[in-house]
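**Q** Please take these sequences and the hints and turn them into a complete structure.
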Amino acid sequence: MSEFQKNWLSVIIREIDYVFLPKSNDEVDKYDSLEILKNRFAKGEISEDDYQRMRELLLT
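Numbered per my numbering, the sequence shown spans residues 26 to 85.
Be aware that a few hints might be false.
[Claimed, not checked] Ranges of calculated distance between the beta carbons of each label pair, as one might list FRET restraints: (1) 38 / 83: 27 to 37 angstroms; (2) 56 / 31: 31 to 41 angstroms; (3) 34 / 75: 44 to 54 angstroms.
Please keep in mind that the hints were generated in silico from the structure rather than gathered at the bench.
Each residue gets a CB set at the ideal place from its N, CA and C atoms; glycine is no exception.
**A** Below is the structure:
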């Protein structure tokens, strides 16, 4: 394989990683935290005021 082909293969692999891998763990963590919060509210573990306050904190 020539050097040119190796370079192009490297570029293609990086582009595939960029497209298919999660952008950051922060996005995943925020989603998980919101789901946990929704479940706690649905179970009656927290009040509506607490739910709204915590939701705003997570979304900022």
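**Q** For every hint, state whether the structure bears it out.
**A** We went through each hint and held it up to the structure:
With their beta carbons about 34 angstroms apart, residue 38 and residue 83 fall inside the hinted range of 27 to 37 angstroms. Separated by about 37 angstroms at the C-beta atoms, residue 56 and residue 31 satisfy the suggested range of 31 to 41 angstroms. Between residue 34 and residue 75, the C-beta spacing of about 52 angstroms keeps the proposed range 44 to 54 angstroms intact.
Consistency with the previously given hints is maintained throughout, with no hint failing.
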